[in-house]
Amino acid sequence: MPENRVLLKKCEAIDPGDVDSYVKAGGFKALKKARDRMSPVEVIEALKASGLRGRGGAGFPCGAKWELARNSREKEKFLICNADEGEVGAFKDRYVLQNDPFSVIEGMAIAAYAVGAQEAYIYLRAEYHFLLEGLKRAVEQVKAKGLLKSLDIKITEGAGAYVCGEESALMNSIEGRRGEARCRPPYPPTRGLFEKPTIINNVETLINVPHIIAKGPEWYAKLGTEKSKGTKLFSVSGDVRQPGVYEMELGCKLGDLLTLARAENVKLVQVGGASGRIVPHSMLDTRLSFETILGSGAITVFNESRDVIDIVSRTMGFFNKESCGKCTPCREGAEVMVEIFGRLVKGDGVHEDLEILEDLSHVMMDASMCGLGQTAPIPVLDTLKYFRSEYENRIDQSAFLRRLKVISA
Amino acid sequence: MAKKKEHSKAGGAREALLSMIKEEQLNSGYVADKAMAEIARTLGLPVSDVYGVATFYSFLSTTPTGKHVIRVCESVPCCLRDAEMIIAQIRGELGIAPGETTSDGRFSLELTNCIGACDQAPAMLVDDEVHGGLTPENIVEILRSYD
Numbered sequence: 499m500p501e502n503r504v505l506l507k508k509c510e511a512i513d514p515g516d517v518d519s520y521v522k523a524g525g526f527k528a529l530k531k532a533r534d535r536m537s538p539v540e541v542i543e544a545l546k547a548s549g550l551r552g553r554g555g556a557g558f559p560c561g562a563k564w565e566l567a568r569n570s571r572e573k574e575k576f577l578i579c580n581a582d583e584g585e586v587g588a589f590k591d592r593y594v595l596q597n598d599p600f601s602v603i604e605g606m607a608i609a610a611y612a613v614g615a616q617e618a619y620i621y622l623r624a625e626y627h628f629l630l631e632g633l634k635r636a637v638e639q640v641k642a643k644g645l646l647k648s649l650d651i652k653i654t655e656g657a658g659a660y661v662c663g664e665e666s667a668l669m670n671s672i673e674g675r676r677g678e679a680r681c682r683p684p685y686p687p688t689r690g691l692f693e694k695p696t697i698i699n700n701v702e703t704l705i706n707v708p709h710i711i712a713k714g715p716e717w718y719a720k721l722g723t724e725k726s727k728g729t730k731l732f733s734v735s736g737d738v739r740q741p742g743v744y745e746m747e748l749g750c751k752l753g754d755l756l757t758l759a760r761a762e763n764v765k766l767v768q769v770g771g772a773s774g775r776i777v778p779h780s781m782l783d784t785r786l787s788f789e790t791i792l793g794s795g796a797i798t799v800f801n802e803s804r805d806v807i808d809i810v811s812r813t814m815g816f817f818n819k820e821s822c823g824k825c826t827p828c829r830e831g832a833e834v835m836v837e838i839f840g841r842l843v844k845g846d847g848v849h850e851d852l853e854i855l856e857d858l859s860h861v862m863m864d865a866s867m868c869g870l871g872q873t874a875p876i877p878v879l880d881t882l883k884y885f886r887s888e889y890e891n892r893i894d895q896s897a898f899l900r901r902l903k904v905i906s907a
Numbered sequence: 011m012a013k014k015k016e017h018s019k020a021g022g023a024r025e026a027l028l029s030m031i032k033e034e035q036l037n038s039g040y041v042a043d044k045a046m047a048e049i050a051r052t053l054g055l056p057v058s059d060v061y062g063v064a065t066f067y068s069f070l071s072t073t074p075t076g077k078h079v080i081r082v083c084e085s086v087p088c089c090l091r092d093a094e095m096i097i098a099q100i101r102g103e104l105g106i107a108p109g110e111t112t113s114d115g116r117f118s119l120e121l122t123n124c125i126g127a128c129d130q131a132p133a134m135l136v137d138d139e140v141h142g143g144l145t146p147e148n149i150v151e152i153l154r155s156y157d
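The listed protein sequences derive, respectively, from chains U and H. Mapping of the first sequence onto the numbering used here: position 321 corresponds to residue 819, and the numbering continues sequentially without gaps. Mapping of the second sequence onto the numbering used here: position 39 corresponds to residue 49, and the numbering continues sequentially without gaps.
Treat the hints with caution; some may be incorrect.
Stated by the list, open to error - Footprint (simulated), chain U over chain H, 3 or more residues, beta carbon under 8 Å:
1) 38-49
2) 116-126
3) 134-143
Quick caveat, the hints were computed from the structure, so don't treat them as lab data. Beta carbons: idealized from backbone N, C-alpha and C, even for Gly.
Isolated chain H, as found in the complex (with noise of 0.2 Å):
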């Protein structure tokens, strides 16, 4: 669990909370409800402060993840590369609808919106990293090197 961050004056221990909850999530893939009552506590603010928080963003989950997180792009730019295509090469590759994990909880897969590659579309991020120039063929790649 984190520690209590530290803190601008004018802030007070409110503004540790977006961050605290984001290393959950990084340490365990997901925040869980006991997580978030720990932070609530540590933070002495109402747990439902910290669900508010916690389910506001796409980049946190309350459910847990796969290892890794694909997220593909589904704005428009990357549509009209064919995104769609992507999209349904990776579930045929996976198995998995957007919004699923895998069984062996490799990978979890995600649709977002503009990830801000559009010079690269179709893109895609696996975590942190960048894809993009995405093909049906070079998808089979990417994913083999994530273990």
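In isolation and in its complexed conformation, chain U is listed as follows (with noise of 0.2 Å):
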């Protein structure tokens, strides 16, 4: 399967830093439609309609969750646009903010409109501030033109934590706080930012807004699978010779997505970042959705040279480090992960190690409070289960250099 290129498109077409040059090429098209000839309601049945979810990650319907927050009598309502992208391997939203601003501009309009907020934020993270001045003047540009009316879009960023692209410890940021994951419910709709309902899209779900609109969704629901709608953007980086942005129609297998950024020899394919599925070579045909794959779209590719303990090791010191450390599970569980990761790497594991591997991360999933810790076990339970004899072919080569020690002492 080629590319499909829908959201990219513009990325190419227009220049960033003017915003004449994304009228031209179409935009605010949509902006206009909605507002003139849609209802905040009408907006709302079209993207329920066209089946957009949420592409941060988590797949949440996105018109149900803009309904929400509409249906809130609060007469105060926050959007945000998650500009927080620190999956590991995940640069999508980077590529889109830095080469077509104005369509994330749009579709944060167009949400605003739709969810009646007159305050948005776009938080973005401390590693991008290259980006922010690119995204002050667009804001800027866009409302010079007077079309954002009486919406006030305020760039906040971020000061340095992965967990603050999860939605709770996002808002806890914006708000001063650390950045800490929240308990929920309540859930940010009913109550988010300042305790008001909230919405917060991701980059790339905002972007899919203004074609939703312009298209109609009918246009937009033939693209994709049965539960997985449109295109998406995948990062594909690590052992492939050509790195990059891609845009595939969701259902697409991922052995085409490898081949396009010319993979070779492939042991194993990291399927959504740290907290990402693990696909073995055997399965390349998978096909990337919400029903079977996916996450935040980002592919790391590891060839036939990788070290899967090795590879898990350093996932697993990823989580630990930036775990925010408020709930038990995953403070706890990620330090005693590198712990045992670390007996495996140098040669002192034990067979006991992977069971309570295996123990320990159906408790981190069961009980920690947010995606984090709920999901940073997937690439340790996923590697135990389609490369297992890695794991005990180490412990009993570290067993057998022990005893060879013992007796040449």
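Now that you have both chains on their own, put them together as the hints suggest.
Shown next as structure tokens:
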């Protein structure tokens, strides 16, 4: 299956520093159509009919989310564009913000109109500070054209924390707090930022919106699979010759994407970043969709020369550093995992470690407060499923080497 | 010291906390105890609260940093492209380990998680600038371009 560039088209066609080039390319037609010819409820109905699901990784139906906030009686509502792309291996939002900030702003303006938000935030990760000026300029240009009406778009920067891509931690960060996850319910559409109804959408989710409004939900719903509509941006990196952002229709085969990026001697692929699923070489026919596997669309490719235990060990080190520390299963669980993987890597592992890893994984997934702790054990469980022999061989070899040492001593 | 910023109705003074700490970081290179106490006084918050926020985020520091902060990505996609070699090269070049600052105060070296430049791996940030496609050779040149 070849690429299907719907969302990326404008990235190549426009000058990100000039709003007029975006208008010339058909920009803001959708916003105008929504405001002039549709009621907010009709916009939400169109979103629901399109089947658009959140692109940040969780895949929550976008129209249903908006409806929750729309129906709230609170007068003050917030909209947040989640530009805290922290997932390991993800860089598609960076590409969009850099090359087509106007689509993001248009998507936000339509969303704000639909849910009735007067204030909006773009939460930009600190690592993307170099995008701030361009983004500010884009917002100002759109504002100067009178296209935002009374909508106020603020850009808030993070300060270095993976967990702030998680919606409740993100809101705490905007409120000037530690970026720790919140207990839910209540969910943000009922009580979010400053305790007001809040819609949080990923950058990529928002740039889908103008296309849905302009071309109609029927057109959009023709793309993709039954439960995964539209196209998806994939950030492909690792052992490939052409890393980059690719746009494919949902339901595409992982193998086709790898061919485009020119991957060679693939051993395994991590789909969805550090917290993503592991796909062994034998399963490259897997289709990418919410029904199967997808996540944020970060695709990291590993070739035959890579060591599974090393990959997972580094990944758990990442989670251990980035856990916000608020809930025990995640904070302590990640720490213990790092300790066990340290043993495995060093050659001090024992077979019982594998059972502990499995037990601990389930506890973390069941009992953690937010997506970080709930998904952190996925690479552990998946590699234990597909590459268990590598773990066992490593432990057996380690035991053998230990015995040799005893004999020679 | 940063002045109190405008904040939304719903937010109250609290909303300005993170941006005030960040401004202090930018101006002084770190967030000193004294600065934290002053921010706490300005916003009417306990000092512990300010300290809690200042120590949560990886781009904030409560101890002095060098004029330029190097953050080398140590996440998996960069590791696949020999980020460790790059880290070793920078350590050798500057004579400091991650977490340290050169004696002339020019550079601090830190390791960081994914900076979203995996298509240019191995990559690093020097202050706000992204440098991708790093090699042991071009590292030397890049570091020289910072005074």
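- Check whether three or more residues of the stretch 116-126 of chain H sit with their beta carbon closer than 8 Å to a beta carbon of chain U. holds (count 5)
- Message: Verify this for me: three or more residues of the stretch 134-143 of chain H with a beta carbon less than 8 Å from a beta carbon of chain U.
- Response: holds (count 4)
- Query: Mind checking, does the stretch 38-49 of chain H have 3 or more residues with a CB under 8 Å from chain U?
  - Reply: violated (count 0)
In this structure, the one hint that does not hold is number 1.
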